[in-house]
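Q: Each protein sequence line maps, in turn, to chains C and D. Just remember that the working numbering sits 25 ahead of the position in the first sequence, which is counted from 1. Just remember that the working numbering sits 331 ahead of the position in the second sequence, which is counted from 1.
Hints are computed from structural coordinates only; laboratory data are not their basis. Certain hints may be false.
A short list of chain C residues far from chain D (calculated; beta carbon distances all over 12 Å) [said to hold, decoys possible]:
#	residue
1	V72
2	F90
3	A103
Label-pair distances were calculated between CB atoms; the ranges are [said to hold, decoys possible]:
#	chain 1	residue 1	chain 2	residue 2	range
4	C	C35	D	P1101	21 to 31 Å
5	C	A108	D	E1237	46 to 56 Å
6	D	G832	C	G85	15 to 25 Å
7	D	W464	C	C35	52 to 62 Å
8	D	R896	C	C35	17 to 27 Å
9	C	G85	D	S1253	46 to 56 Å
10	D	Q1257	C	E42	19 to 29 Å
11	D	D1163	C	E70	33 to 43 Å
12	D	V1037	C	G85	11 to 21 Å
13	D	I915	C	A108	37 to 47 Å
14	C	D109	D	T755	51 to 61 Å
Note that the Cβ used here is the ideal one computed from N, Cα and C, for glycine as well.
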Amino acid sequence: MTFLIHCPNCGLREALEFSYGGETTTRAGDTSSEREFTDYLYYRENVNGWQTEWWLHRDGCRVWFLAERHTFTNEIRATYLSADRPADDAEGAPA
Amino acid sequence: MSARIPPRDGESIRRDRPIRFTLDGKRISAFEGDTIGSAVAAADVGITGRSFKYHRPRGLFCMTGSCPNCLMQVDGIPNIRACTEPVRDGMKVERQNAWPSANRDIHGWLNQVSFMMPPGFYYKIFQHPKWAWPTVEPFIRSKAGLGKVPRAEDHEPRERITLHPDVVVIGAGAAGLAAAAEAATAGLDVVVLEQAEEPGGALLREAGTDPAGDLRDAAEAAGARLLTGTAAFGVFEGPVIAAANAAALYRIRARHIVVATGGIEQPAVFPNNDLPGVMLSSAVEILIHRFGVLPGQQAVVLTASDAGHRTARTLVEAGATVSVADLRADAPAGEGYRVASGTTILSASGRRHVTGVTVGAPGAEAGTDVACDLVVLAGFSAPSTNLLSMSGADVAFDERAQAFLPVQLPENVHAVGAVAGTTTTEAAVAQGRLAGLDAAARLGASPKDAVARIDALRAEAAIAGDPVILPPEVGSGAGKQFACLCMDVTDKELKKAVTEGFSSMELLKRYTTITMGPCQGKACMVPSQRLCARATGSTFAETKRTTSRPPWTPVELGTLAGARRTPRKETTMHDLHTGAGAEIMWAGDWRRPHHFAGPEAEVEAVRTKVGLIDVSTLGKFRVQGPGAVELLERLYPNRFAEQPIGRVRYGVMLNDEGVIVDDGAVVRVADDEFFVTVTSGNTGALERWMTWWQADWNLDVRLLNVTGAFGAVNLAGPGSREVMAEVTDADVSADALPYLGAVHMDVAGVPALVLRIGFVGELGYEIHFPSMYGEHVWQTLMEAGSDHGIRPFGLEAQRILRLEKQHILVGQDTDAESDPFEVGLGWMVKADKDDFLGKRSLADLAQTGPKERLVGFTASGAWLPPEGASIVHEGTWVGRVTSARRSAAAGCIVGLAWVPAGWAVEGTAFDIWFGESTTQGSVALQPFYDPEGAKLRS
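Can you build the whole structure from these sequences, using the hints too?
A: Rendered as C-alpha cells:
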C-alpha cells in the first residue's frame, strides 16, 4: 500500500497516513427484511474494479471522506467529503 | 605471511592507521579503510566459510557483496557480507556453517555423501519410515540455515525515512553519477543510492587515485545527495523504492527513477569451480587497486574479452605470474604474460585451495595442466536488471551482448550504463547525462544548453562492441561443477531435476533452490539459465529468468521492524502519583497507579471516609451543534432529546449487530451541546466510530476528542461532600447537585464540570477541568481531605469497589457478542424510539431472549479464580469467569461470570475450575454492597 491519496482537506498524502473504512454499504434500517439486514451486516461486494469507499485521514485532519478507488490498480479518480457526495450515490454506511 | 603489496596510488586504506579485530578468536591486523574481506585476504586466510549443504571450503569470490561466499557472523549478527563490511577496531568476526573451525570443519564428510542429497532430497528420503522423522528432523534442522540468530533482544534502533526527491538514481557508478550531476545541475532534487561504502561502481576496479572522483564531485557540487552504504532492495507500487543502510530504512518516492545498477560478473562452470582461490576479476582488481592485496602469486585468467587482459596486466604489475586462457581464437598477445588462444578452463583441482587448472579447447576431454593458486574469471558480466524488472520493465535477449537487456521501460523510469548494455565508461556517462536531461525536460526544468548537447551525447551513448563470447556451459573431468554457490547446486543436479520434469527456470528454482539463496541470483542466474537451456535442449535466449522480487539485497529483519517505540501516556498528575509512592501499571497506552498504600486500605477509605482517584484517562468528547441531539439519539439506544441541561445519562453504545461497543456518561451541557465520556482504552476507536457515522449521516455536529484537554478525578466516599464544600463556593448539597446532576463550578479556583456519578458505588463527584491544572486540583483536594481521612486510590481498589457493585467493564466483562439484554442493561433500550444503531438486531434479540447471562457470583475459599476460569456443572463446561476479587464488604470472593441464561437464578451453585485449582461458587444477582444504591444517591 504505497499509493497516494488526496485528502479533501490536506491534499495529496501517503496512504500510510490514512485508515481504510471499507466499501460503502447501504444501511438496512429497522424495517428491513432478514435478507436485507444480513446482507448489510455481513456481505460485501468485494469488487475487482472501481469502488466507492471510506477513508479516514488518521494521522492528519481526522476527517472521514469517500474515495473512488480501483481495487486492482489502486488508482484513485476522486475523493470528496461525505457532504459533497454525488446525489445519485446510494446512502453509504461504514461496515 | 601477508599478501599486502607495497603502497600504491589510489588505495582506500590508511596504512598509518592500524586496526585489529579477531577472526574466530585469532587476531587479524588491518588498516582503516579495509573491509573484513580485504583484511582476511591480506592475512592470507583462504577459507572464508563453509558451503550451505556440502560444507565445502569457500573463499573470497566477488568483493562486491554479490555472492554468498564470505557471509560471516560479525559481533553476533549473522550473514554479514564480509567483503564489503568495513573493519572496526575490536570487532569479533566468526566464519559460519563450520565446526569446530572453517579450516577443519567436522561436517566436510557431507561432501562425500552428496549422492544422498539430490535436489529435493528432503521431499523424498525422509518420508519413510515415518517413525524415523522425529530423530532425523532435529539433525537436519541443526545442519540447515546460515549463521546463528543472535539471542540478544535488540540492537541499534533503525529509523524510517521517507524521501520525495524529483529524481532517485540507483547506483553511483559512472552512469548514475553522470545522471545525478545533470539532473541536479538542472535544479532538480536528486538522491543517489549506492550500496557500496564508496561511490564509483565499476570505476573502483580501475587503477589510479580516486577514479570516480571527478564524476562524484560534479554530482555533489550540483547538489545531488549521495547515500552510500545504502542498498536499494526493492521497487514497490507507486513506484516507491525501498532502501536500507545500517541506520535506517528508506521509502523513496521520486518522480523519475534512474536505474544505473551496472552489471554483475557471472562465474564459469567447471569441476571444482568453487575452490577458494577461484575469483571474479572484480575481486582481484578491487583487492589490488583499493586494498593493496595480491590474492595469489600464480594466476590463470579465463576471459573472452579485453577485460581479462586488463586484469592480467594488473596482476603482472602487482607481481604475479599470469597466464590467460582466452576463448577467442584470435586473442591478443600478452604483455608480460602467456596467452592460450581458443582455450578455456576445463577443470580446477585442489583440496582446500586451488592448486592447478586444466586448460584446453572448449569441450575437450583433456588439456594442459597449469599450476596456480589463483583463478580469475574475467568479463562475463550480466546486466543487473532485477530492480528494473520490479519497476515493471521488460527485458529481452540481446544476441550481441549474449544477455537480457531492458527493452520496455515504464514511464519515468530510465536505465543507463551497464544495466542497459553499455560496454565503455564514455557510453555509460553519456547515457547518464541523457537520462538526467530527459528527466529535467519532462519535469519542466530543461537547461538552456540541453538541445545543443543532445546530439553529441546520443552519439557517445551508442552501444558498440564485439559480440560477446560466453564460456562453455560446463567443463570436463571429475569434480563437482557448481551453478549455484548459495545453495550448493551442481550441473548434474540441475540436469537430474530437469529429467524429473522440472523443466523451466521457475520450476527448477522451486525444486533445487537455485537463485533463491542469499545472492538472489546475482552469482548464478546466467549459469543456471544456460544449464537449464542445455538440459532442456533449448537456448539461453529462450530460457526466461526467474521473477525478480524484493529483497534484491539482504536486509536485516531489525531494519524492516524499525525502532521499537512504545506509546506511553501519563496524566498531568502522574508525577504526584509516583512521588506518593504509587505502584504504576500499564493500562493500554496509559501509565496509571495500580495502588498507593495498598488496595485493601484504599477500599476501606472509600467505603468509610473518602478517596481520590485520577480518572484523566477517560475518553472525553465534546459534541456540539444543531445535529448533536440527533447524532446521540442514533448512536445510543438511550433517549437524549428530553434530557435536561445539567443532567447525566448512563449510556451504552451498540453496533448494528446489537453488540455493546462502549458505555459511559452523557452530560447535557446546553441545548445543542453534550459532554460524553467513554472507556479509556476505547477512546481512539470510539472517536473513529462516532465521526464515521456523523460523516455518513451528514449531521451538523462538531465532535471533538478532548481527552487530553481535560483532566479528571473522582472524589468518592461518604465524606466527599464535606471535602467538596472546602474547595468550592458552589452549593454541593444533595438538592443543588443531586445524583446524576452535572454543574459547572469552580473547584480549587479552576473552572470545572462536576458530575454526581459513582462507578465505585459511593457518594461521589467526577470533576473535569483543564488538564494543565491537574497537580493543583489534586493537591488542593488532598489537602482539603486530609482532615477527613482522604486516601488516593488506584485501579486495583477501583476494580474491587466496582465489582462489589456489579458494575460492568466493557471489554473486560463483555466481548464481541455481548448484547445489553445479556448483561442486564435491557432497561436502557428504548425500542420505541426512531431508528438507532442496533435497533433491528435488538428487536430480534428481544424475541429470542438471551442464551447466556452475565451474573454476579460469590465464591468461598482462599483461591481467587483468574479471568477466564471455567464454570463447570457436573463435569461439563458451561461458562467462564470475567472478573473476580476478594471483597471485605461481602466477606468472600465476588465476581462476574457468564452462565447459561437458565442459571441466572439467585443461589445457583456451580464449580469453578482453572488448571488444577477448583472452588465452589453461586449466583448472586444483587450487588454485594449497597444493593439499593442508597449511598450512591445520598
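Q: Evaluate each hint against the coordinates.
A: Against the structure, the hints:
Every CB of chain D is more than 12 Å from the CB of V72/C (nearest about 19 Å), matching its label as outside the interface. The Cβ of F90/C sits about 7 Å from the closest Cβ of chain D, inside the 12 Å cut-off, so the non-interface label is violated. At roughly 16 Å from the closest C-beta of chain D, the C-beta of A103/C stays outside 12 Å, upholding its exclusion from the interface. At roughly 28 Å, the beta carbons of C35/C and P1101/D sit within the given window of 21 to 31 Å.
At roughly 53 Å, the beta-carbon separation of A108/C and E1237/D lies within the given 46 to 56 Å, and the hint holds. The supplied range of 15 to 25 Å is broken by G832/D and G85/C, whose beta-carbon atoms lie about 54 Å from each other. Between W464/D and C35/C the Cβ separation comes to about 58 Å, which falls inside the hinted range of 52 to 62 Å. At about 24 Å, the CB distance of R896/D to C35/C agrees with the hint of 17 to 27 Å.
A beta carbon spacing of about 54 Å between G85/C and S1253/D agrees with the range 46 to 56 Å that was offered as a hint. The given range of 19 to 29 Å is broken by Q1257/D and E42/C, whose C-beta atoms sit roughly 51 Å from each other. For the hinted restraint 33 to 43 Å between D1163/D and E70/C, the CB-CB distance of approximately 34 Å keeps it satisfied. Distance hint for V1037/D and G85/C: a CB-CB separation of about 19 Å, consistent with the stated range 11 to 21 Å.
In this structure the supplied range 37 to 47 Å holds for I915/D paired with A108/C, their Cβ-Cβ distance being about 45 Å. Distance hint check: the CB atoms of D109/C and T755/D are about 58 Å apart, consistent with the given range 51 to 61 Å.
Going down the numbered hints, you'll see the structure goes against 2, 6, 10, while the others check out.
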